[in-house]
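S.K.: According to UniProt numbering, numbering within the sequence shown proceeds without interruption in unit steps and concludes at 897.
In short, the hints are calculated from the structure, not lab data. All figures in this text were calculated on a predicted structure; none of them were measured in a lab. Careful: at least some of the hints might be erroneous.
Claimed, not checked - Derived BS3-like pairs: lysine-lysine, alpha-carbon spacing no greater than 30 Å straight-line:
| hint | residue 1 | residue 2 |
| --- | --- | --- |
| 1 | K747 | K772 |
| 2 | K413 | K375 |
| 3 | K266 | K375 |
| 4 | K744 | K869 |
| 5 | K853 | K869 |
| 6 | K717 | K772 |
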Amino acid sequence: MATAAGATGAAALWQPQEEGLREICAVLEAHISPNSDQARIWQQLQHYAQFPDFNNYLVFLLARGQGKSFEVRQAAGLLLKNNLRAAFVSMPPSSQQYIKSELLPCIGATNRAIRSTVGTVISVLFQIVGVTGWIELFQALHQCLDSNDLDHMEGAMDAIYKICEDVPEELDVDVPGLSERPINVFMPRMLQFFQSPHASLRKLSLGCINQYIVVMPSALYMAMDQYLQGLFVLVKDPSADVRKLVCSAWVQLVEVRPSILEPHLKNVTELILQANKDSDDEVALEACEFWSAYCDVSMPPEGLREFLPRLIPTLVSNMVYTDDDESLADAEEDESFPDRDQDLKPRFHASRLHGSENGEEDDDDDAVNAWNLRKCSAAGLDVLSNVFGDDILPTLMPLIQQNLARTDDESWKEREAAVLSIGAIAEGCITGLYPHLPQMVAFLIPLLDDKFPLIRSITCWTLSRYSKFIVQSLGHPNGREQFDKILMGLLRRILDTNKRVQEAACSAFATLEEEAAEELVPRLEVILQHLMCAYGKYQRRNLRILYDALGTLADAVGAELNQAKYLDIFMPPLIAKWQQLPNSDKDLFPLLECFTSIAQALGPGFSQFAEPVFVRCISLIQTQQLAKVDPAAAGALYDKEFIVCALDLLSGLTEGLGGGIESLVAQSNLRDLLLQCCVDEAPDVRQSALALLGDISRVCPIHLQPRLQEFLTAAAKQLTPQSVKDAVSVANNACWAIGELAIKIGKEISPVVISVVSCLVPILTTPESLNKSLIENSAITLGRLSWVCPDIVAPHMEHFMQAWCNALCMIRDDFEKEDAFHGLCAMVAANPTGAVSSLAHVCQACASWNEIKSEGLHNEVSQILNGYKQMLGAAGWEQCMSTLEPGVVQRLARYGV
1 MATAAGATGA AALWQPQEEG LREICAVLEA HISPNSDQAR IWQQLQHYAQ FPDFNNYLVF
61 LLARGQGKSF EVRQAAGLLL KNNLRAAFVS MPPSSQQYIK SELLPCIGAT NRAIRSTVGT
121 VISVLFQIVG VTGWIELFQA LHQCLDSNDL DHMEGAMDAI YKICEDVPEE LDVDVPGLSE
181 RPINVFMPRM LQFFQSPHAS LRKLSLGCIN QYIVVMPSAL YMAMDQYLQG LFVLVKDPSA
241 DVRKLVCSAW VQLVEVRPSI LEPHLKNVTE LILQANKDSD DEVALEACEF WSAYCDVSMP
301 PEGLREFLPR LIPTLVSNMV YTDDDESLAD AEEDESFPDR DQDLKPRFHA SRLHGSENGE
361 EDDDDDAVNA WNLRKCSAAG LDVLSNVFGD DILPTLMPLI QQNLARTDDE SWKEREAAVL
421 SIGAIAEGCI TGLYPHLPQM VAFLIPLLDD KFPLIRSITC WTLSRYSKFI VQSLGHPNGR
481 EQFDKILMGL LRRILDTNKR VQEAACSAFA TLEEEAAEEL VPRLEVILQH LMCAYGKYQR
541 RNLRILYDAL GTLADAVGAE LNQAKYLDIF MPPLIAKWQQ LPNSDKDLFP LLECFTSIAQ
601 ALGPGFSQFA EPVFVRCISL IQTQQLAKVD PAAAGALYDK EFIVCALDLL SGLTEGLGGG
661 IESLVAQSNL RDLLLQCCVD EAPDVRQSAL ALLGDISRVC PIHLQPRLQE FLTAAAKQLT
721 PQSVKDAVSV ANNACWAIGE LAIKIGKEIS PVVISVVSCL VPILTTPESL NKSLIENSAI
781 TLGRLSWVCP DIVAPHMEHF MQAWCNALCM IRDDFEKEDA FHGLCAMVAA NPTGAVSSLA
841 HVCQACASWN EIKSEGLHNE VSQILNGYKQ MLGAAGWEQC MSTLEPGVVQ RLARYGV
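Construct the entire structure; sequences and hints are all you get.
M.R.: Written out as C-alpha cells, the structure reads:
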C-alpha cells in the first residue's frame, strides 16, 4: 500500500551494513533469551548507542527484518522506543526523517505483534513531535482507516488508541496544512466501527472514544447521541472486552458528565444491573464500579431506590468467593510457609504532621490481593448503606440470615459473604442495627473459632467495624463480659496458625485499641504476652502489622505502659530485633514507627533505652545522606524513607523525654544533619525535618545556634505561595516550627518576621482552598510573632486583622490559642487605631473562648475591650455591638464590657 510518507532523499540514501545488522541481531537474540548475562548485554547496547545510526538499524530491523524472528524485531522496536524517548530531539535530521518514513508503511504489517510494536513506537514519537511535526502520520492513518483492509484498519486504530491513551488532547488542535482537526476526521470513522463485524475494531474504536469523555472535544459532544445509541447496542456485544468498555464509559460519564446521562439514567441503570451479573467477571466488576460512582457524584439517590430490591441481592451474591479467587489459595498457607517477596507490599510511612487533622487511614478489607468483584461489591454495599441508611435492611437482612443459617461445610463461602456484608454496612446502617447489635455481636464471637480460616479472618474484620459500639457497651449489663470475650477472641486469633487470620486479627485488634484506649489497661499484661508470643513466631509481612498493633497500643494507653513488669515483657525482644537488623534493612521502618509511639507513651520512662536509639537514628540519617552522593562509600542504596522514619523517631524521643534529650543532642551533630534535611528536595523529608525542628525548639533551642538564621530562612522558604501550593503539609510544619522558635528565642527571630508575615497573610485571607490545620497554625504563628515583635508586625495589622480574627475563632481553647491572643493584645497596645475598622471581628475572636485559663491574659483582653469602649464612646460602642450576634455580645460580658 502506498503511504503518504515518501522517504526523503537524505533518508533514502541510508543502507545498513550487513556486518552491523548481524552484530545487533546477535545482541538482541541474547537480550531476549532468559538466562543471559543482562549486565554485559546492557554494556554492549550502551556501546552501540554511541553510533549515530544505531537507531536506523533498529527501525530497519523492525520494519524490514524479513527472515529475522518476530521476537528479535519486536525487541528492536522496544529498544528504539526507549531511545527515541531519551534522544530523538538530538538525533541528526536525516535519521529522524528515516525513522519516521520507515514506520509508516508498517502500520498495517501482517504480523499482529509487529503492528502493535509499530503502534507503540509511533505513539511515543508522536508525543515528542506533535501533530505539526509529523503531518504525514495523519495522512497515513487516514488512508489505513479507509483501506477496508483489516490489518491496516486495525494497525491504524491501535496507533490512534495508544495516542489517545497518553495525549488525547493533542488530536484536538488546529494544524496548519490540515483542513480539519485530526479528531474531527477520526471521530465519525470510529463511530462507524461500532458496527464493524470485527470485534478488534469495535473494541479499539470504543476504547479510543472513551478516552475523550473527560476532555470532551466538540467532535464527541456533537456526536453524543450517536455515541450513546452505540453504547446501548454494544452492551449486548458478544465480546466481553467490548461489554466491559461500555460499562467503563457509563461509569466515566456518571463521574464527569452526569448531566449527559440523566435523560437515559433509568435505562442505563437497568443495563448496568444486568451487566453486574455478567458471566465474565471483568465485565461484572466494571459494572459494579457504577454504584459507588453514582453515589459519589451526589446524583439524586431516588433514581436508584427502585433498583435496590434487585441490586442488593446481586451485590451479596457477588461477594461470595469465586472458586478461582487467589485468596483461597493464600488461605491454605499456614505460618510454616515462608513469605514470598511479592507478599511484602511496598509500605508508605506518613511523615509527621502538626495540627488538628491527622489523616485517618483507610481500613481495607484484606488488602492482600488485587481489587476484584468481591471487594468492589462490598464497597458498593458500604456506599449504598451510607446513602440509603436503614432503608436497605429489609432487603438485606433476610439474605444475611438465610446465608448464616446454612451451616453445612459446602456453604462456608456463603456464610463468609454474610459476615462480610454485616461489616460492610457497619457505618451506614448503625441506627437500624442498634437494637440488634448485642445479639449480632454474640453471634459473631463463636465464628472467631470457625474451622474455615477465611471465616475466622472476616469475623475479625467485621467485629472491628463495630469497635465503637463494643466499647460504648462497656457500661451496659454484660458489656464488660462481651468486651473481654472479643478481646480474648482476637488475641487467640493473633496466635492463629494461619497467616491470613493472623493479619486480620492484628489489624482488627489495632482498630479496637484505638477505640478502647484506657479500657485496655486492666488487660495490659495479657495483651502484651500475646503480642510478644506472636512476635516470636510471625514472619516478616505480618510482623509489620504486629508493630502497628504494638505502636497503637502505646498510643492508646500512654504512660500506663511505663511499668517495669510491662517493659520487661516487650522491650527486650524489640531491642534485640533493633540490634540485629542492619542499617540498610527496610524492616527497620515499621520498627522505627513502633519505637516512636513507645517513646511518646513512656515519656521519661524511655530514657533507659534512649541513647542507643538516638545514636542509631543519627547514623541512619548520615548513612543515607552519604548514599545520596556516593552509594558505594555508604554501603547502601539511597532510600529517603530511612531518613523520614529516623527523623520522626527523633521527634517522638524529643516529645517523650522533653529536656532529657538535651545531653544527647549536645553530643551529636544533629544540628547540621537537620539543617540539611530542612532543605532536602524531597517534600516528606522536609516535612519530618521541620516537625523535629519545632520539637527541638521547644526543649533545647540553644543547640540550634550558631545556625539559627539558616534554620529560620529554610523554614520561611516553605511558606511562599508556590511552596504552599506544592506541599501544603511541609508549609504546615514550617509554620508551626517558626512559631515554636519565636516563643523561645524572642527578638532573635526579627530578621524573618516580615517575610513570614507576608506569606501568612495570603494563607489567612484565602482559607477556602487550604486545609484547616495550615490555617490554624498560621493564625497561631502570626500571634506568636506579634507577641515577641509587636513593633515589627503592628504597623501592618490592617491588612490581616479581619481574616486573622476569623481564623482565631476556629481554634479550640489551649495554650497555643493563649499565645496567639497575647500577640493580639501586644499588637493592639502598639497600634490601637490599626484594629478599629476590624473591631467587630476582634470582639468575635474574644468571644470564641469557652474560658481563658490564664488570669493575666483574661485581664489583658478585658483591658483592650474596655479601652475601645472608651475610645468609641457609648454610641460608637453600641453601634459596634449591634452588628454582632446576641450570643457573642452575651459572652463578651465576662470581660466587663
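S.K.: Decide, hint by hint, whether the structure agrees.
M.R.: Each hint, compared with the structure:
no.: 1; hint: K747 <-> K772; in the structure: 29 Å, holds
no.: 2; hint: K413 <-> K375; in the structure: 14 Å, holds
no.: 3; hint: K266 <-> K375; in the structure: 25 Å, holds
no.: 4; hint: K744 <-> K869; in the structure: 34 Å, violated
no.: 5; hint: K853 <-> K869; in the structure: 24 Å, holds
no.: 6; hint: K717 <-> K772; in the structure: 21 Å, holds
In terms of the numbered hints stated before, the structure departs from hint 4 and from no other.
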